[in-house]
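Given the sequences, and given the hints that come with them, work out the whole structure.
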Amino acid sequence: MMLTRFLFERIDRGGWVFLVLLGIAAVLVPVLNLAVPPGSMFHVSNTAVGLWGKYMTYALLAIAVDLVWGYCGILSLGHGAFFALGGYAMGMYLMLQIGPRGVYAHPTLPDFMVFLNWTELPVAWWGFSSFPYAMLMVALVPGLLAFVFGWFAFRSRVTGVYLSIITQALTYALMLAFFRNDMGFGGNNGLTDFKDILGFNIQSQTTRAVLFSLSVLALMAGYLVARAIVTSKAGKIIIAIRDAEPRTRFLGYRVENFKLFVWTVSAVMAGIAGALYVPQVGIINPSEFSPANSIEAIVWVAVGGRGTLVGAALGAGLVNFAKSWFTGAFPQGWLFALGGLFILVTLFLPKGILGTFTDWWKRRGETRKPPTASPASQPAE
Amino acid sequence: MNASTRSGLDIGSGTLRPCSHPPGARGQGIGHVRALSAALAAALVACLLILAGPARAQDHAALVQRFATESFNDIVGAVNGLATSGAPRAAPIIEALRDGRLVYRASDRAVFIRRPDNSFVSALSGEPAAEIGTTRPVRLNNNVRRAIDAAVGALSLLHPDPARRASAAEAVFKSRDGSALPALEAAIGQERDPRIKKLMEEARAAVVVANPQAAEADRIAAIGIIQRRGDQDALAMLGSLPATTPPLVREAAESAAVGIRRTLAVWEAGQNVWHGISLGSVLLLAAIGLAITFGVMGVINMAHGEMVMIGAYTTFVVQQTIRVLAPGLMDVSLFIALPMAFLVAGAIGIAIERLIIRHLYGRPLETLLATWGVSLVLQQAVRTWFGPTNREVTTPSWMSGSIEIGHLAITANRLAIIIFAIIVFATLLLFLKRTPFGLQTRAVTQNRRMAGAMGIRTNWVDAFTFGLGSGIAGLAGVALSQIDNVSPNLGQAYIIDSFMVVVFGGVGNLWGTLVAAMTLGIANKFLEPYAGAVLGKILLLVFIILFIQKRPRGLFALKGRAVE
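In order, the protein sequences belong to chains G and Z.
Read in the numbering used here, the first sequence has 312 at position 287, and its numbers run on one by one without any break.
Read in the numbering used here, the second sequence has 531 at position 530, and its numbers run on one by one without any break.
Quick caveat, the hints were computed from the structure, so don't treat them as lab data.
Don't be surprised by glycine CBs; every beta carbon is placed ideally from N, CA and C.
One or more of the hints may lead you astray.
Sample of chain G residues with no beta-carbon within 10 Å of chain Z, all distances over it, derived [to be verified]: (1) Gly40; (2) Ala51; (3) Val54; (4) Met66; (5) Tyr129; (6) Pro157; (7) Val183; (8) Ala269; (9) Ala327; (10) Asn345; (11) Leu366; (12) Thr381; (13) Gly390.
If you anchor each label on the Cβ, the simulated ranges turn out as follows [as the list claims (entries may be wrong)]: (14) G/Trp41 / Z/Met455: 51 to 57 Å; (15) Z/Val318 / G/Trp41: 42 to 48 Å; (16) Z/Thr245 / G/Val148: 47 to 53 Å; (17) Z/Met455 / G/Phe286: 42 to 48 Å; (18) G/Thr392 / Z/Leu430: 48 to 54 Å; (19) Z/Val543 / G/Ala317: 19 to 25 Å; (20) Z/Asp162 / G/Ala317: 29 to 35 Å; (21) Z/Val543 / G/Trp41: 43 to 49 Å.
Which stretches of chain Z does chain G cover? Using the computed rule of at least three CB atoms under 8 Å from a CB of chain G, they are [said to hold, decoys possible]: (22) 356–362; (23) 532–538; (24) 547–558.
Listed below in structure tokens is the structure:
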């Protein structure tokens with residue numbers, strides 16, 4: 026009852042289109058992949074399923090970034106860290122599922138630990154052979170890190186570029202840490218060679234199709250949660266913080282609590298995206314923490330449209346599609362294109378593709394109707 | 002042993018040097034001798050003591066004659082005798098022996114050296130011998146080879162090249178080989194270089210300390226000499242005394258070791274500070290331009306690292322040009338590269354400001370993204386033009402080498418970079434404090450709108466400040482090209498560290514940048530030995546993240562209304 030009310034009152038037209046399209050994709054893509062023979066023109070290739078499944082997790086990360094940046098004005102250059110932490114939690118579960126099938130055939134220890142002459146599982150790995158525990162950690166580890174980090178940062182009123190820089194320092198420090206073999210997370214090589222997830226072969230096409238559908242469902246859920254937050258009363262305050270933080274504080278709102286809430290939710294979302302990403306690409310290594318990855322996630326949101334949620338997901342899909350195409354067609358050209366995209370979007374498309382399109386749509390409507398006072402939501406710093 | 006000895010060895014050295022004995026191997030050779038049984042060693046010493054003293058030029062004939070034998074023990078004796086005799090032809094004879102080219106005539110037992118072209122020369126005089134009849138080679142076994150190695154060491158102690166003498170003395174110090182003692186005494190007697198003489202005396206002390214037969218008082222006195230040497234080798238020497246050492250000697254050695262450790266700890270701290278200052282000055286160079294643009298315009302220039310990289314590549318291009326056009330100018334190439342790098346990076350900086358950043362005023366976070374895009378484009382452009390691999394940048398001769406102060410090794414290129422960083426810092430400080438442009442820059446930093454109201458053209462100040470900051474990054478690139486790989490990723494390696502320096506130091510105050518750079522540099526070097534390089538860096542990052550919580554605007558924050 027409440028859900029229906031929520032769906033009909035809070036979701037705008039773009040959101041409905043987005044959700045319906047995703048719903049169709051979640052059902053249709055696995056069917057077309059598994060049931061339609063490879064020769065048919067309706068067949069969706071295995072590579073495409075893997076690729077688009079990856080894009081779905083990126084889109085979820087983009088929505089997480091949009092939630093903090095587009096609605097709360099926090100430019101995080103470290104969301105890749107939460108994504109990677111979620112990924113590592115999932116990777117650790119998958120690693121322990123290998124069991125004695127590793128190269129060294131050790132009954133419990135993953136290969137890299139045998140290689141390092143370790144005799145027992147480090148404490149950090151305890152419990153990760155249980156799927157529910159691992160899933161709890163997928164949400165808990167990034168969430169806890171974000172909570173602690175945000176608790177200190179927002180309370181001390183670290184804002185603007187200072188906050189951006191220390192989020193970058195956070196992910197950079199984590200990258201350096203995970204590169205160390207002593208950390209016990211596979212060092213340089215990360216975690217890979219996964220075999221099973223919940224007893225299903227991770228290589229089989231059925232599992233991969235199911236993972237695709239799950240990623241789509243997670244994206245839909247992420248969108249609904251984010252939408253619920255930004256359209257709630259608290260969401261109004263969050264937007265107010267984005268537009269005029271000191272003024273909101275003077276009105277008596279505890280700015281840091283609202284920020285901390287959005288920040289933590291966003292980090293958990295990014296962690297879940299990472300957890301879905303790892304089984305689909307089959308590897309997680311410390312380079313996922315690299316600051317460049319986090320900044321790339323920012324550009325997805327900027328391209329799609331900041332403060333639109335749907336646009337963020339769209340941007341993630343578009344930019345990554347372009348990346349796949351470019352690295353195939355002109356491997357030299359991708360960084361030029363990405364760099365150019367950063368510059369052009371910030372200069373000429375400050376609202377991103379979706380924002381610009383919406384503006385244009387509204388103006389078209391206004392020329393037909395007498396102008397009404399519409400509350401323009403202008404993303405500001 | 003006089004001038005004739007030296008000149009004789011000089012002739013020998015030409016043939017002795019190329020004989021597959023790198024300097025390090027000499028110590029090893031002497032080390033083999035230590036493995037000889039104690040009895041044999043004692044016999045050798047005795048033999049040497051008898052022979053070393055009276056040997057004069059007229060006796061050399063008799064010494065050389067001793068090689069004409071079938072007995073290995075006699076050959077060993079002959080080698081040892083020759084090595085300490087100062088005979089002018091000792092070196093070529095011993096070398097010939099090692100290579101199996103020393104022969105003697107069956108009929109009259111005259112000794113000859115067979116040259117590589119199978120002609121023969123007299124071992125004693127070095128004159129060619131025409132027809133020599135049947136010869137027998139002087140035989141070798143392992144004992145003889147060990148004696149040869151020791152002899153080469155002893156000959157090196159008398160070598161005319163001071164570096165060879167010094168390294169020979171070091172080798173004896175490390176091997177503590179008793180058989181080298183007579184040669185050492187002889188060498189000390191005629192050594193004129195006080196530094197090498199000191200090394201030799203230390204080597205002698207080491208031999209004495211290690212010798213169980215020496216008197217306790219002598220050994221304790223020798224420990225004093227070793228303590229004055231006071232380095233890691235001395236410590237190792239004192240720590241390796243056998244269990245049979247008398248308690249008095251042992252006590253003296255232990256207290257000396259404690260003293261050495263204390264001195265070494267001080268020196269090590271000094272070395273850490275030095276490395277820290279060196280790292281700090283690199284950070285300062287990389288970060289100071291960033292601090293200026295951040296202070297004035299409130300934007301973080303993510304392409305700053307690429308300006309550093311462009312400076313380094315400018316150095317490369319300048320050096321390539323010089324190599325083609327005027328090879329003689331190579332030593333001053335850096336002085337030509339400095340203004341070029343400043344201009345190139347500065348011009349690119351102004352172009353970025355005019356084309357991109359100007360349009361993003363009041364949106365610092367979007368400026369950050371746009372400049373990140375610029376950095377990707379610049380990186381890829383350099384990668385396309387110059388290739389992804391490292392480029393070779395020549396270090397001028399005056400920047401290579403190092404000086405030692407006590408136990409502190411100071412490399413010339415690090416020293417040059419520190420001095421350069423100080424010069425850049427001082428110039429910039431003067432520029433900002435004493436010139437009209439500096440005044441305007443500071444005014445805009447403190448209150449942009451008020452400065453504009455007073456008639457300062459803030460957009461020009463912005464453009465030129467950005468150019469200045471980028472130009473300084475270019476200068477940093479010239480310096481970094483001397484100590485780091487010139488590759489398209491050069492800037493990326495420094496950008497995060499530079500950010501840390503800027504946010505730690507605070508903006509609008511160059512001293513803040515200086516203090517932050519030096520603090521981070523020195524802290525990094527002090528953490529490294531305990532935590533390892535990577536963990537040390539992580540600790541510093543965590544420290545800065547925590548520090549920003551406490552002081553969100555850095556160490557030296559601007560105060561007043563302009564801040565918010």
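We went through each hint and held it up to the structure:
no.: 1; hint: Gly40; verdict: holds, 26 Å
no.: 2; hint: Ala51; verdict: holds, 32 Å
no.: 3; hint: Val54; verdict: holds, 32 Å
no.: 4; hint: Met66; verdict: holds, 38 Å
no.: 5; hint: Tyr129; verdict: holds, 26 Å
no.: 6; hint: Pro157; verdict: holds, 31 Å
no.: 7; hint: Val183; verdict: violated, 5 Å
no.: 8; hint: Ala269; verdict: holds, 12 Å
no.: 9; hint: Ala327; verdict: violated, 6 Å
no.: 10; hint: Asn345; verdict: holds, 16 Å
no.: 11; hint: Leu366; verdict: violated, 7 Å
no.: 12; hint: Thr381; verdict: holds, 15 Å
no.: 13; hint: Gly390; verdict: holds, 28 Å
no.: 14; hint: G/Trp41 / Z/Met455: 51 to 57 Å; verdict: holds, 55 Å
no.: 15; hint: Z/Val318 / G/Trp41: 42 to 48 Å; verdict: violated, 58 Å
no.: 16; hint: Z/Thr245 / G/Val148: 47 to 53 Å; verdict: holds, 48 Å
no.: 17; hint: Z/Met455 / G/Phe286: 42 to 48 Å; verdict: holds, 44 Å
no.: 18; hint: G/Thr392 / Z/Leu430: 48 to 54 Å; verdict: violated, 59 Å
no.: 19; hint: Z/Val543 / G/Ala317: 19 to 25 Å; verdict: holds, 21 Å
no.: 20; hint: Z/Asp162 / G/Ala317: 29 to 35 Å; verdict: violated, 53 Å
no.: 21; hint: Z/Val543 / G/Trp41: 43 to 49 Å; verdict: holds, 45 Å
no.: 22; hint: 356–362; verdict: holds (count 3)
no.: 23; hint: 532–538; verdict: holds (count 3)
no.: 24; hint: 547–558; verdict: holds (count 6)
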